[in-house]
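All chains should be modelled from the sequences, with the hints used to inform the complete structure.
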Amino acid sequence: EVQLVESGGGLVQPGRSLKLSCAASGFTFSNYYMAWVRQAPKKGLEWVATISTSGSRTYYPDSVKGRFTISRDNAKSSLYLQMNSLKSEDTATYYCARRDYTSFAYWGQGTLVTVSS
Amino acid sequence: DIVMTQGALPNPVPSGESASITCQSSKSLLHSNGKTYLNWYLQRPGQSPQLLIYWMSTRASGVSDRFSGSGSGTDFTLKISSVEAEDVGVYYCQQFLEYPRTFGGGTKLELK
Numbered sequence: 011e012v013q014l015v016e017s018g019g020g021l022v023q024p025g026r027s028l029k030l031s032c033a034a035s036g037f038t039f040s041n042y043y044m045a046w047v048r049q050a051p052k053k054g055l056e057w058v059a060t061i062s063t064s065g066s067r068t069y070y071p072d073s074v075k076g077r078f079t080i081s082r083d084n085a086k087s088s089l090y091l092q093m094n095s096l097k098s099e100d101t102a103t104y105y106c107a108r109r110d111y112t113s114f115a116y117w118g119q120g121t122l123v124t125v126s127s
Numbered sequence: 007d008i009v010m011t012q013g014a015l016p017n018p019v020p021s022g023e024s025a026s027i028t029c030q031s032s033k034s035l036l037h038s039n040g041k042t043y044l045n046w047y048l049q050r051p052g053q054s055p056q057l058l059i060y061w062m063s064t065r066a067s068g069v070s071d072r073f074s075g076s077g078s079g080t081d082f083t084l085k086i087s088s089v090e091a092e093d094v095g096v097y098y099c100q101q102f103l104e105y106p107r108t109f110g111g112g113t114k115l116e117l118k
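Read top to bottom, the protein sequences are chains A and B.
Residues 11 to 127 (the numbering used here) make up the first sequence, in order.
Residues 7 to 118 (the numbering used here) make up the second sequence, in order.
Keep in mind the hints are simulated off the structure, nothing from the lab.
One or more hints might be untrue.
Partial list, derived from the structure: chain B residues whose beta carbon lies under 10 Å from chain A [unchecked claim]:
{"no.": "1", "residue": "D7"}
{"no.": "2", "residue": "Q49"}
{"no.": "3", "residue": "F73"}
Don't be surprised by glycine CBs; every beta carbon is placed ideally from N, CA and C.
Written out as structure tokens, the structure is:
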């Protein structure tokens, strides 16, 4: 069974940093592109980052480019999201997702990040 | 960026009736390989999103055949036949043709 378990969320002040983790199991992690998708409270879904199988290619929307860094450790079957210079508008539940061909086929339960002073 | 625009449902939908959710993209999602890169997801209350449909009309594993996807390059419809209680939630369309991956704003389905 595919499982994605996020952790690392919490309350952080504006301008500070936070690193999220996603532990994957039930599949060969190194064979899949992975992604982060977020959802602000009572709002819709926003794609945040994608990483290739080896980690050599990464993709971001303009809203987080230069502030967020996605990475992975295939030996540990883990995905990460380093978030720097956090803003109040980054407040959201962050989901880890597995990319299957051209969709996000599996999602974790999410971890809440609150950016507030 | 490709903009995804979703229509609203005339909520609430009577149980057992059908419901159709529309989605429009600002650019054709038809890939050169002949597949249309449009996905549908359902987010039930308090849960993570789940994939329902990919390539515009292919049901994901384990998804009920009451769900069907159709459309053209820019106009899409998710049809739910015989709506049930477990179908309640917010439906999102998403394009996977280009970066940034973009979602529609969501369409809420409520049951009568």
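Evaluated hints:
1. D7: The hint holds - B/D7 has a Cβ within 10 Å of chain A, the shortest such distance being about 8 Å.
2. Q49: Interface hint status for B/Q49: holds (8 Å vs cutoff 10 Å).
3. F73: B/F73 check fails; min Cβ-Cβ to chain A is 14 Å, beyond 10 Å.
The structure shown violates just one earlier hint, number 3.
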